[in-house]
Amino acid sequence: MKKNRKYVMTQESSLGKGANIVVIIFFTLIMVLAFMPVLLVFMVSLTSEKSIAEYGFSFIPHEFSLDSYYYLFRTGSTLPRAFLNSVIITVSGTALGLVIMCPCAYALSRKEFAHIKALMVFLLIPMLFSGGLVSSYMVNTQILHLKNTYLALILPGMCSTWYIMIMRNYFRMSVPDSLIEAGKLEGVSPFQSFLLIVLPICRPVVITVAVFQIFAYWNSWYPALIYIDSNHSELYPLQYVLVNIDRTVQAMTRDAAKVAGAVNVNVPGTAMKMTLVVITILPIMLLFPFFQKFLRTGLTIGAVKE
Amino acid sequence: MAKRSHGSLSASARKERRQLNIMTLPAVIWYGLFCYLPLFGIAFAFKDFTPVPGRSLFENLFINSPWVGLRNFSYLFRNPLSRSVILNTLFYNSIFIVAGIVVSVSLAILLSEVHQKKFRALVQMTLVLPYFISWVVIAYCVYAFLSTDLGLINHILTALGADPVQWYQSPESWRGILIVLEIWKTTGYTMIIYLCSITNIDRTLYEAAALDGATFLQRVRFITLPQLRPTIATLFILSIGSIMSSDFGLFYQVPMDSGALQEVTQTLDVYVYKSLMYEANFSYSSAAAFLQSSVGCILLVISNIITRRIDKDSALI
Chain Y
1 MKKNRKYVMT QESSLGKGAN IVVIIFFTLI MVLAFMPVLL VFMVSLTSEK SIAEYGFSFI
61 PHEFSLDSYY YLFRTGSTLP RAFLNSVIIT VSGTALGLVI MCPCAYALSR KEFAHIKALM
121 VFLLIPMLFS GGLVSSYMVN TQILHLKNTY LALILPGMCS TWYIMIMRNY FRMSVPDSLI
181 EAGKLEGVSP FQSFLLIVLP ICRPVVITVA VFQIFAYWNS WYPALIYIDS NHSELYPLQY
241 VLVNIDRTVQ AMTRDAAKVA GAVNVNVPGT AMKMTLVVIT ILPIMLLFPF FQKFLRTGLT
301 IGAVKE
Chain U
1 MAKRSHGSLS ASARKERRQL NIMTLPAVIW YGLFCYLPLF GIAFAFKDFT PVPGRSLFEN
61 LFINSPWVGL RNFSYLFRNP LSRSVILNTL FYNSIFIVAG IVVSVSLAIL LSEVHQKKFR
121 ALVQMTLVLP YFISWVVIAY CVYAFLSTDL GLINHILTAL GADPVQWYQS PESWRGILIV
181 LEIWKTTGYT MIIYLCSITN IDRTLYEAAA LDGATFLQRV RFITLPQLRP TIATLFILSI
241 GSIMSSDFGL FYQVPMDSGA LQEVTQTLDV YVYKSLMYEA NFSYSSAAAF LQSSVGCILL
301 VISNIITRRI DKDSALI
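If you read the sequences in order, they're chains Y and U. Each residue of the first sequence is one higher than the one before, counting from 1 in the working numbering. Each residue of the second sequence is one higher than the one before, counting from 1 in the working numbering.
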C-alpha cells in the first residue's frame with residue numbers, strides 16, 4: 001500500500017520549465033473556479049442585509065456585518081437542535097455501521113469461513129438490483145415503522161457492500177495468514193483474533209470507511225425528506241433544515257423579533273440563509289485537511305481490482 | 001482448499017466456523033431487512049395497487065390488488081411526461097459518462113506531469129472537496145450566482161448593460177448548468193483514481209520513450225492512455241450500470257424544484273419521488289424504479305461481456 005503513495009516522477013516529466021508554469025497556472029485557475037461557489041456563500045454570510053438588498057450577492061461585502069451569525073445563534077433552539085441531531089445521526093450511524101461491517105468483512109477474508117461464495121453473492125445482488133424507492137418506503141414505514149424516528153435517518157445507510165469489500169481486501173492483503181494461524185495454536189478464537197490482531201493492524205482502512213460514512217451521514221437529507229413529517233421538525237438534521245430554509249428563517253425571524261421586543265426589527269433573512277449554509281459545511285471544511293489522507297486511501301483501494 | 005466434510009473437522013474447527021458465521025449475522029440481518037425485504041416490492045410494478053385501509057402491507061399487495069401484467073410499463077412508455085423523463089435521464093447520464101471520462105482523464109494526465117509534488121497534492125485536495133459537499137448546500141451556492149434580483153451573474157449582466165435573466169424560469173440554460181455542476185462535483189474524485197493508476201504505470205516505459213525522443217502527446221497516446229484502459233473500463237462499466245439512475249439532489253434541489261424547469265430537469269428519480277409523495281401513485285413509480293434497476297443491471301452485464309471480448313484484463317467480473 002505504501003508504494004502507491006510514492007508518485008514522484010519529476011525527472012521523467014516531459015514538460016519543460018515554461019510548460020510546467022503554464023500548467024500550474026492552469027490548475028490554479030481551476031482550483032479558484034472550484035472553490036468560488038463556497039467562497040461566495042461565505043462572503044455573503046458576512047455581508048449586512050442592507051448591502052445585500054442594494055448590491056446583491058458579491059465577493060466583496062460592501063458593508064461587513066456579523067448580524068446573521070448573531071441572530072442564528074441567539075434565536076430559538078432550531079439550529080442547536082438540528083446541529084445536535086446531525087451529530088447524533090452521524091456518530092451513531094457510522095459506529096453501528098462499522099460494528100456490523102467489520103466482523104462480516106473479517107469472516108469473508110478468512111479461508112476457513114464456510115460460506116464465502118454464498119455470502120458474496122448475497123452481498124453483491126443488492127449492488128445490482130434494488131426494490132426501488134417505493135418498496136423501501138413501504139417496508140420502512142409499514143413493516144419496520146421507522147417513520148418519524150431517528151432510526152429512519154440512521155439505519156438505511158448503515159452498510160454498503162462496497163465498504164465491506166474494501167475492508168475484506170485490505171484484511172486479506174495486510175494480515176499475514178501465519179499470524180492468525182499462530183494465534184489459533186495459542187487457542188485464540190476467531191472473534192479474539194479479529195479484535196486483537198486484525199483490527200489494530202487494519203486501523204487505516206477502518207478509519208477510511210468511517211471517514212466516508214461520516215461525510216455521507218453529515219450530508220444526508222434525503223431520508224429526512226422522505227421519512228420525517230413537518231410536524232416532527234425536532235428530528236430534522238442540519239441539512240434538512242437547510243432544505244426547508246425559508247420556513248426556518250421565517251420562524252427565526254419571528255423569534256428574533258420577540259427577543260428584540262420590537263415588531264419591525266430588521267432581521268438579516270437572506271444573509272441568515274447563507275450563514276446556515278456556511279455552518280452546515282464548516283465541519284466538513286475543518287475536518288477535511290485531517291481526513292484527506294484517509295480519503296485518498298479509500299479512493300485508491302476502491303479502484304484496485306482483486 | 002478447506003476441507004468440506006464436517007466429519008473430518010475437529011471440535012475446535014467447528015467452533016471456529018460457528019463463530020465466523022455468527023460474526024456475519026448482523027450484516028446478514030441488515031441486508032435482509034433493508035435490501036431483500038424491499039425486493040418483494042417489485043410486485044408493485046405488476047399490480048394495480050389498491051390498498052384497503054387497516055390491512056397489512058402484504059395482504060394489500062398480494063391479495064387485495066389485482067395483477068395487471070405489463071400495463072404499468074406500457075403506461076410509462078406511452079405517457080409523454082414519463083417518456084421525456086426517461087429520455088432526460090439517458091441524455092444526462094450519457095453526457096456525464098463521456099464528459100466525466102474526458103475531463104478527469106485529461107486533468108489527471110496533465111496534473112501527473114507537474115513537477116512540484118506539493119502542488120499536485122494541493123490540487124487533488126481542492127478539487128475533491130466538492131465531492132463531499134451535499135447538493136443542498138450546492139443548491140444555495142448556485143442560488144447565490146443565479147438568483148434573479150440578488151444573484152452575482154445578473155448583477156454583472158446589469159453592470160455590463162445587459163438585461164438580467166430569470167434563471168429559474170429559463171429552461172434552455174439548465175442542461176448546461178447541470179452538466180457543469182455534475183462535472184464540478186465529481187471530477188476531483190475520479191481524477192484521483194486515474195492519477196493513482198498513472199502512478200502505478202511502469203516508469204521504465206517512460207524512460208524508454210524519453211530515450212526515443214517521444215513528445216508529450218506521443219507519451220500520452222502510446223503509454224499513458226493504453227495503460228489507463230482497465231481503470232477507464234472499470235469506471236465506465238460501473239457508470240453504465242446506473243445509466244437509468246440520477247442524483248436526486250442535483251435534479252431536484254439544485255433547480256429548486258422550479259416548475260418552469262421541469263421539462264429539462266426532471267429525471268426518473270425525481271419522477272418516482274413525486275409520483276410517490278404527491279400522487280401516492282405506487283404502481284407507476286414502482287414500475288419506473290424496476291425499469292431503472294433492470295435496465296442498469298442488464299446493461300452492466302452486457303458492457304462487461306463486450307469489454308471482456310475486447311480486452312480480458314479490463315472486464316469487471
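Rather than coming from a laboratory, the hints here were simulated on the basis of the structure. Note that CB positions come from ideal geometry on N, CA and C, so glycine has one too. Treat each hint with caution, since some may be false.
[Unchecked claim] Reference listing, derived: stretches of chain Y covered by chain U, where coverage requires no fewer than 3 residues with Cβ under 8 Å from a Cβ of chain U:
(1) 62-71
(2) 114-123
(3) 145-159
(4) 164-175
Hint check results:
For a cut-off of 8 Å, the count of residues in the stretch 62-71 of chain Y with a CB near a CB of chain U stands at 0, and the three-residue condition is violated. Counting residues of the stretch 114-123 of chain Y whose CB lies closer than 8 Å to any CB of chain U gives 5, which reaches the minimum of 3, so the coverage claim holds. Remark: the stretch 145-159 of chain Y is confirmed as covered by chain U, as 4 of its residues place a Cβ nearer than 8 Å to a Cβ of that chain, reaching the required three. Chain U is given as covering the stretch 164-175 of chain Y, and this is violated because 1 residues of the stretch bring a CB closer than 8 Å to a CB of that chain, at least three being needed.
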